[in-house]
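So the sequence shown is residues 1 to 558, counted in UniProt numbering.
Hints were generated in silico from the structure; no laboratory data involved. Glycine included, C-beta positions come from ideal geometry on N, C-alpha and C. Do not take every clue at face value.
What the hints assert, rightly or not - Below, simulated EDC-like cross-link-like pairs (lysine to aspartate or glutamate); rule was C-alpha separation at most 16 angstroms, straight line:
id, residue 1, residue 2
1, K188, E130
2, K498, D367
3, K114, E124
4, K5, E61
5, K92, E61
6, K92, E124
7, K188, D211
8, K97, E130
9, K92, E82
Said to hold, decoys possible - Computed spacing ranges between beta-carbons, pair by pair:
id, residue 1, residue 2, range
10, A336, L531, 22 to 28 angstroms
11, A354, P144, 22 to 28 angstroms
12, P144, D422, 42 to 48 angstroms
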Amino acid sequence: MLHIKGLHFSFGATDVLKGVDMDILPGEVVALLGANGSGKTTLLNLIRGVLRPYSGSIVLENNVKPSYLPQETPSFEGTAMEYLLESFPEIKGIFQKLSSLPVNSEDYPDLINKYNDLGGFELERKIESEISKYGFVDEDLQKPFLAFSMGQQRLWAILRVFLAGANLYLLDEPTNHLDLQMCQRLEKIILEFRSKRFSILLVSHDRLLIDRVADRSYFLKNGTAFAVSGGYSLMLSHLKSDFESRLKSAKEIERKIKQLELEVSRRASWSASKEAQKKFADKVMNKGYIGHKAAKLAKRAKAVQNRSRKLIEELKEKKPFVEKPVEIKLPSYIVANRRLLSSTNLSFSYGNKAVFENVDFELSTKDRVVLIGSNGCGKTTLVKCFVGELDPVGELYRNDNIRWEYIPQDVRTFFRAGNLLDNLRVSDIDELQLRQALGAAGFRKDKVLQKIDSLSYGELMRAAILKSMLRETEFLFLDEPTNHLDIESLELLDELLKRFPGGFLAISHDRHFIATHGNKLYSFEGGNVKLLFEETRLDITEFQKTIEIITPQDDEDR
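Whole structure, please, built from the sequences with the hints as guidance.
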């Protein structure tokens with residue numbers, strides 16, 4: 001269906017893709033992984049024909065027509081139905097005319113016939129039959145597009161892409177702004193399209209989604225791509241084994257280089273001694289035969305020496321690049337298990353609109369709590385009440401003798417202006433120790449001197465948690481800590497939280513994050529909080545089953 005061979009692309013002097021090969025077969029879901037800036041969106045734009053490669057080929061088989069979902073959903077003035085019809089301009093034009101004309105208008109019958117001939121009514125029936133899969137009902141089609149949440153707008157955008165009648169779908173971060181229930185809907189939709197032999201190229205950092213839907217995964221790094229069968233977990237396993245293989249190969253080549261360099265040095269010394277012997281024979285002993293033999297041996301030694309040097313250069317060329325893995329080793333400290341917070345009959349309203357009522361909640365410093373719920377249900381409001389940014393009604397106790405930090409969704413507000421190094425200075429840690437800690441968390445060399453505004457969300461989230469650990473913080477309040485993080489940043493965040501000795505309350509829709517780190521799972525629904533799980537570590541399969549049980553079904557949504 002899609003065949004890419006030797007693809008090269010650069011932005012100015014910066015090489016983005018350096019010989020990428022890729023194949024996508026009919027009915028295959030392929031995940032495209034890699035750090036932010038590794039070239040994933042660039043590759044999608046090359047496939048779409050928006051960009052032209054410098055060299056290499058992109059071949060779409062006959063009748064293959066791609067449909068593209070961008071990373072962000074553009075704003076749209078109009079109804080949800082008009083938004084869906086954007087991909088069908090002729091149908092949309094007549095639909096809008098019909099909507100504004102009275103039924104007894106002279107032009108109405110002709111427009112109706114034309115609308116029918118273009119497939120307008122058939123498209124409407126298709127839309128009405130599909131929207132329930134996305135959590136919508138017929139009445140939603142007439143609502144203004146901008147009246148929906150960011151997550152709902154994203155689902156409308158995904159539906160519009162899948163309505164396009166393509167056979168290859170390019171999805172760039174489809175889970176952006178989706179809550180947990182929406183991610184589950186998307187997963188089912190992708191699997192349904194795969195069963196119908198449609199192909200999907202999926203750029204995503206949702207690790208569980210990739211594991212569940214991907215037939216193959218490509219990983220982009222340093223301008224090249226390699227593939228594994230399966231999803232994220234198999235890719236991660238491959239990356240670890242690839243690192244070990246490259247390290248072993250590099251060590252073997254380094255051993256050969258040192259051996260050859262020793263040989264070159266020995267040959268150089270031997271050649272020099274033969275040269276000296278020749279000169280001595282010529283000048284002192286005046287014996288041509290001895291001098292001639294010494295010269296011949298010296299020449300031979302030099303030839304061997306030159307060949308060895310050439311071989312050393314060839315080996316250096318073959319020596320694989322081995323990026324030093326991040327090993328997070330930070331100063332440890334002990335966190336005692338103490339009660340941090342408790343609430344009784346806690347309520348909060350914005351004007352006359354109640355956000356939550358009569359919430360009873362308890363937190364201790366060793367709890368690792370995850371709070372789930374649909375977008376806009378009040379999770380962030382509840383946490384802001386806990387940390388003192390909002391003033392609720394009811395009883396709220398918080399032990400401020402315990403060191404806690406609140407890291408909000410907009411993590412930039414956690415820092416002051418300036419560079420990263422200055423932001424993380426702690427009174428009893430010198431600069432060398434601070435740089436070592438930053439290096440352990442993946443901030444190396446000049447990165448520590450970069451301005452806060454120039455760092456990515458993933459880098460700032462890591463830095464915020466590191467700063468909290470350097471302050472020996474005992475508890476963290478985290479609002480969507482995995483938002484906008486690429487795969488590598490997610491792995492580093494996992495490692496930091498595993499080494500964090502305290503507890504946290506995290507708002508999250510990331511199923512992998514929840515199952516990896518949570519030992520208590522609460523659901524925010526109907527203006528209150530319900531405990532779902534309390535275990536040492538959530539099992540991902542059981543967690544998925546539980547979410548499906550407590551997630552409202554389509555009938556309830558209506």
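In ascending order, which of the hints set out earlier in this document are inconsistent with the structure?
5, 8
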